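2 protein chains.
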Amino acid sequence: MDYYSGKIDKLISELGRLPGVGRKSAQRLAFHILGMSDEAVKGLTDTILDAKQNVHCCKECFVLTDSEICPICASQGRNKRVIMVVENSRDLAAYEKTGKYDGVYHVLHGAISPMLGITPADIKLKELMVRLRQDVDEVIIATNSSVEGEATAMYISKLVRPTGIKVSRIASGIPVGGDLENIDEVTLLRALNGRVEL
Amino acid sequence: MDYYSGKIDKLISELGRLPGVGRKSAQRLAFHILGMSDEAVKGLTDTILDAKQNVHCCKECFVLTDSEICPICASQGRNKRVIMVVENSRDLAAYEKTGKYDGVYHVLHGAISPMLGITPADIKLKELMVRLRQDVDEVIIATNSSVEGEATAMYISKLVRPTGIKVSRIASGIPVGGDLENIDEVTLLRALNGRVEL
Chain A
-3 MDYYSGKIDK LISELGRLPG VGRKSAQRLA FHILGMSDEA VKGLTDTILD AKQNVHCCKE
57 CFVLTDSEIC PICASQGRNK RVIMVVENSR DLAAYEKTGK YDGVYHVLHG AISPMLGITP
117 ADIKLKELMV RLRQDVDEVI IATNSSVEGE ATAMYISKLV RPTGIKVSRI ASGIPVGGDL
177 ENIDEVTLLR ALNGRVEL
Chain B
-3 MDYYSGKIDK LISELGRLPG VGRKSAQRLA FHILGMSDEA VKGLTDTILD AKQNVHCCKE
57 CFVLTDSEIC PICASQGRNK RVIMVVENSR DLAAYEKTGK YDGVYHVLHG AISPMLGITP
117 ADIKLKELMV RLRQDVDEVI IATNSSVEGE ATAMYISKLV RPTGIKVSRI ASGIPVGGDL
177 ENIDEVTLLR ALNGRVEL
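Those protein sequences? They're chains A and B, same order as listed.
The numbering used here puts the first residue of the first sequence at -3, with every later residue one more than the last.
The numbering used here puts the first residue of the second sequence at -3, with every later residue one more than the last.
Just to be clear, a hint being listed does not mean it is correct.
Remember, identical chains collapse to one label, so a pair may be satisfied in a single copy or spanning two.
As the list claims (entries may be wrong) - Here are the simulated DMTMM-like cross-link-like pairs (lysine to aspartate or glutamate), alpha carbons at most 20 Å apart as the crow flies:
no.	residue 1	residue 2
1	Lys6	Asp34
2	Lys38	Glu10
3	Lys76	Asp131
4	Lys93	Glu123
5	Lys162	Asp34
6	Lys162	Asp118
7	Lys20	Asp98
8	Lys6	Asp62
9	Lys38	Asp87
10	Lys20	Glu181
11	Lys162	Asp98
12	Lys162	Glu134
13	Lys154	Asp5
14	Lys76	Asp133
15	Lys76	Asp118
16	Lys6	Glu64
17	Lys20	Asp175
Worth flagging that the hints you see were computed from the coordinates, not collected in a lab.
Bear in mind that the values here come from a model prediction, so they are computed numbers and not experimental data.
Work the whole structure out from these sequences, hints included.
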């Protein structure tokens, strides 16, 4: 669209590639950014680059963090014998927001999906099995209640059961097809309390 | 919110300050960016900085552009004797999209708003009057039909009238495809008053 000059159009296109940002929002963001002070723009891009360069997976639970071991794994107050398995860092944050879970986590970074070509080898399952060699009492599977999440839960329960460790799945109570990150805290807690052994 | 580590939280806050980006969207954007390749993130921040550094106002019409004179003002095919006055660069782009206007523009960069403390001196009005010293046949005022836009239109028409140059205002009425029953009374009355003979 040549009524915007090259660099503005490029900025709009680049912003429009972000998730949930359509052409109109991208335009609005672009002109907002062009209207910001030089320092504010520098601050924004520095923050993006700084986060990208310094955020990596926690060596224990694989949540995205900027320290070597995330604050949850490093904490003395958390019960290391209970591991909740979640699909991604946002799901972990959703459970942390409840403030009632005192175990630790394991972030898979995805769910098994033959449709998208995501196999068990593509998510942090091997790493979970390594952690289970230490003293663990229970693995709570808190993958999403989507098809992929359920399949992943089944897969994990089959993997873990031979080790003799208790495996549970957060209760349904979460609407089918819902994403953990969008669900209210009360429902999240109900699902936690109502978990059933697999 | 300490369940995200510092740099992630900072990134979310920074993104959340953009217009139309709430906390949830900011989270989604942040994790999307963290999941992008290093090159893609560098590309995004470079595009932002490049646009910010190189985009400025056209010396003629004050639209945001990356060249000294914008392509519209530089074009031989545009009628320089007709100037359409718009509030911002996006409004100019909206009219350019119609492809039927062959005059040039003047971008005010705002509208007079006592509420927001925006006075006539804060928008590019002095610059408009300077342009009107050259041969100009008509000034078309295409500010928004908001309170501020209407006030600005009145102000400009009073400024321009003594020069003897024709001043017009884009028509206000029912949008094409609009249902009468869904349109507010002020617009209905304006459409009635502005009726044209067939």
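Evaluation of the provided hints:
Taking the shortest alpha-carbon separations for Lys6 and Asp34, both the intra-copy value of 19 Å and the inter-copy value of 19 Å come in at or below 20 Å. Taking the shortest Cα distances, Lys38 and Glu10 sit within 20 Å of each other both inside one copy (17 Å) and across copies (11 Å). For the identical chains of this complex, Lys76 and Asp131 are intra-copy neighbours only, at 8 Å inside a copy versus 80 Å across copies, given an alpha-carbon limit of 20 Å. Proximity of Lys93 to Glu123 under the C-alpha cut-off of 20 Å is found in neither arrangement, the shortest distances being 25 Å within a copy and 54 Å between copies.
In this assembly of identical chains, Lys162 and Asp34 lie within 20 Å of each other by CA distance neither inside one copy nor across copies; the values are 56 Å within and 40 Å between. In this assembly of identical chains, Lys162 and Asp118 lie within 20 Å of each other by CA distance neither inside one copy nor across copies; the values are 24 Å within and 69 Å between. In this homomeric assembly, Lys20 and Asp98 never come within 20 Å of each other (Cα to Cα): the closest approach is 43 Å inside a single copy and 24 Å across copies. When the C-alpha separation of Lys6 and Asp62 is checked against a cutoff of 20 Å, the pair qualifies only between copies, where the shortest distance is 11 Å, while the shortest distance within a copy is 31 Å.
Taking the shortest alpha-carbon separations for Lys38 and Asp87, neither the intra-copy value of 31 Å nor the inter-copy value of 27 Å comes in at or below 20 Å. For the identical chains of this complex, Lys20 and Glu181 are inter-copy neighbours only, at 15 Å across copies versus 33 Å inside a copy, given an alpha-carbon limit of 20 Å. Taking CA atoms no more than 20 Å apart as the test, Lys162 paired with Asp98 passes inside one copy only; the shortest distance there is 17 Å, against 74 Å between copies. For a Cα distance limit of 20 Å, the shortest separation of Lys162 from Glu134 inside one copy, 5 Å, qualifies, whereas the shortest one across copies, 81 Å, does not.
Taking the closest pair of Cα atoms, Lys154 and Asp5 never come within 20 Å of each other, the shortest separation being 51 Å inside a single copy and 36 Å across copies. Proximity of Lys76 to Asp133 under the C-alpha cut-off of 20 Å is restricted to the intra-copy arrangement: shortest distance 9 Å within a copy versus 79 Å between copies. Within a single copy, Lys76 and Asp118 get their C-alpha atoms no closer than 25 Å, and across copies no closer than 61 Å, so neither meets the 20 Å cut-off. When the C-alpha separation of Lys6 and Glu64 is checked against a cutoff of 20 Å, the pair qualifies only between copies, where the shortest distance is 18 Å, while the shortest distance within a copy is 36 Å.
In this assembly of identical chains, the alpha carbons of Lys20 and Asp175 lie at most 20 Å apart only when taken from different copies (13 Å versus 26 Å within one copy).
The structure does not agree with the numbered hints 4, 5, 6, 7, 9, 13, 15 stated previously, though it agrees with the rest.
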